[in-house]
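Engineer: Chain by chain, the residues:
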Amino acid sequence: MSGFKYAAPAQFYSLAGKMVPWFAVLAAILAVIGLAIGLYVAPIDVTQKDSYRIIFIHVPAAWMSMFLYVVMAFWGAMALGLNTRLSAMMAQSIAPTGALMTALALWTGALWGKPTWGTYWAWDARMTSELILLFLYLGIIALRNAIDDPRRADKACSVLALVGVVNVPIIYYSVNWWNTLHQGATIKMGKASIDDIMLAGLLVMVFAFWFYSIAVTLVRLRAIILEREAGAAWVARLAEVKEER
Amino acid sequence: MGEFFAMGGYAFFIWMAYGMAVLLIVLEIVAVRARCKRARHLAKHSDVHEGGAAGAQLKETV
Numbered sequence: 001m002s003g004f005k006y007a008a009p010a011q012f013y014s015l016a017g018k019m020v021p022w023f024a025v026l027a028a029i030l031a032v033i034g035l036a037i038g039l040y041v042a043p044i045d046v047t048q049k050d051s052y053r054i055i056f057i058h059v060p061a062a063w064m065s066m067f068l069y070v071v072m073a074f075w076g077a078m079a080l081g082l083n084t085r086l087s088a089m090m091a092q093s094i095a096p097t098g099a100l101m102t103a104l105a106l107w108t109g110a111l112w113g114k115p116t117w118g119t120y121w122a123w124d125a126r127m128t129s130e131l132i133l134l135f136l137y138l139g140i141i142a143l144r145n146a147i148d149d150p151r152r153a154d155k156a157c158s159v160l161a162l163v164g165v166v167n168v169p170i171i172y173y174s175v176n177w178w179n180t181l182h183q184g185a186t187i188k189m190g191k192a193s194i195d196d197i198m199l200a201g202l203l204v205m206v207f208a209f210w211f212y213s214i215a216v217t218l219v220r221l222r223a224i225i226l227e228r229e230a231g232a233a234w235v236a237r238l239a240e241v242k243e244e245r
Numbered sequence: 246m247g248e249f250f251a252m253g254g255y256a257f258f259i260w261m262a263y264g265m266a267v268l269l270i271v272l273e274i275v276a277v278r279a280r281c282k283r284a285r286h287l288a289k290h291s292d293v294h295e296g297g298a299a300g301a302q303l304k305e306t307v
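If you're matching them up, the sequences are chains A and B in order. Those letters in the first sequence? Residues 1 to 245, by the numbering used here. Those letters in the second sequence? Residues 246 to 307, by the numbering used here.
In isolation and in its complexed conformation, chain A is listed as follows (with noise of 0.2 Å):
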């Protein structure tokens, strides 16, 4: 089963240690031209002015918050069929950088709403599953706080993960199933309805964040893997559990 072979926790371990640092100094870079375009390079908007800027850091993030809740659910379906531990491992490690991305979405979301719609936060179908995805997150790394048992907690937090992954589409199609508060997209396949520049520093944005979600969450699960393997003959010959103090 060579296909499975990082499957396996000790081996993933020592693959996303070297994983990390490029996926880590990737976004960093990325991030500094990503801002660079985005705070200076990218004219102002005709209608929005200065303020449209917030979408350099809204759009990404609200990208994130689904697609590593999507990436989440997959690692539960796997950990749930295949009953592989690192599979478990891999959703509990996105769950709080997920939380994070949504509740980043949300108040960049709701700085952007205040000077362009006159208002911080209506109960608009966007805004509000948004919310309900921010409390996906939250319900849970609160499920598997409370459970004592990890293979027990897997389980739930897998099913809880699959059961709310219904709200992912809702979030994206909402803007076209209910014209309430929240605009349309802006990016769609083929044709894009912002300037160039500002198109370029939207995607440096996202891929910035996309590696950085990456480098956060692979460190994570190297956490929790010394977590869960804790006693394991592989982990207590590992240098840097030897040199720990």
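In case anyone wonders, no lab produced these hints; they're calculated from the structure. Fair warning: this is a prediction, and the values are worked out from it, not measured in the lab. Even for Gly, the Cβ is constructed at its ideal location relative to N, Cα and C. Hints should not be assumed to be uniformly reliable.
[As the list claims (entries may be wrong)] Okay, the calculated beta carbon distance ranges per label pair:
no.	chain 1	residue 1	chain 2	residue 2	range
1	B	Val267	A	Phe135	21 to 29 Å
2	B	His290	A	Ala28	29 to 37 Å
3	B	Phe257	A	Gln11	43 to 51 Å
4	A	Val46	B	Val275	35 to 43 Å
5	B	Gly254	A	Gln11	50 to 58 Å
6	A	Lys155	B	Ala251	48 to 56 Å
7	A	Leu143	B	Phe249	41 to 49 Å
8	B	Phe249	A	Trp117	21 to 29 Å
9	B	Gly253	A	Arg152	52 to 60 Å
10	A	Arg152	B	Phe257	42 to 50 Å
11	A	Glu240	B	Glu248	47 to 55 Å
Given chain A's structure and the hints, the job is docking chain B onto it.
Structural biologist: The following block gives chain B in isolation, referenced to the frame of chain A:
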């Protein structure tokens, strides 16, 4: 320079948004590094069971 930070009068909204992004990311990095350190400490002071983890692995497939 002052013009840059003024953001055309939208400074409050822009910098509260970008500031929160930076704050949350810095806090997450600090928290996750602390968790790694705690995990290494826990692993160091756990009794070693030759051949596997402390938890039951009987039903494990890979």
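Engineer: Look at each hint and say if it fits the structure.
Structural biologist: Taking the hints in turn, this is what the structure says about them:
Here the CB-CB span from Val267/B to Phe135/A is close to 25 Å, well matched to the stated 21 to 29 Å. Taking the beta carbon of each, His290/B and Ala28/A are about 34 Å apart, inside 29 to 37 Å as hinted. For Phe257/B and Gln11/A, the Cβ-Cβ distance of about 49 Å falls inside the hinted range of 43 to 51 Å, so the restraint holds. Checked against the hint of 35 to 43 Å, the pair Val46/A and Val275/B passes, with Cβ atoms roughly 40 Å apart.
Checked against the given bound of 50 to 58 Å, the beta carbons of Gly254/B and Gln11/A, roughly 55 Å apart, stay inside it. Taking the beta carbon of each, Lys155/A and Ala251/B are about 53 Å apart, inside 48 to 56 Å as hinted. For Leu143/A and Phe249/B, the Cβ-Cβ distance of about 45 Å falls inside the hinted range of 41 to 49 Å, so the restraint holds. Remark: the range hint 21 to 29 Å for Phe249/B to Trp117/A is upheld by a beta-carbon distance near 26 Å.
Hint check: Gly253/B to Arg152/A, Cβ distance near 54 Å, so the stated range 52 to 60 Å holds. For Arg152/A and Phe257/B, the Cβ-Cβ distance of about 47 Å falls inside the hinted range of 42 to 50 Å, so the restraint holds. Taken as a hint, the range 47 to 55 Å holds for the pair Glu240/A and Glu248/B, whose Cβ atoms sit roughly 48 Å apart.
Checked against the numbered hints above, the structure breaks none of them.
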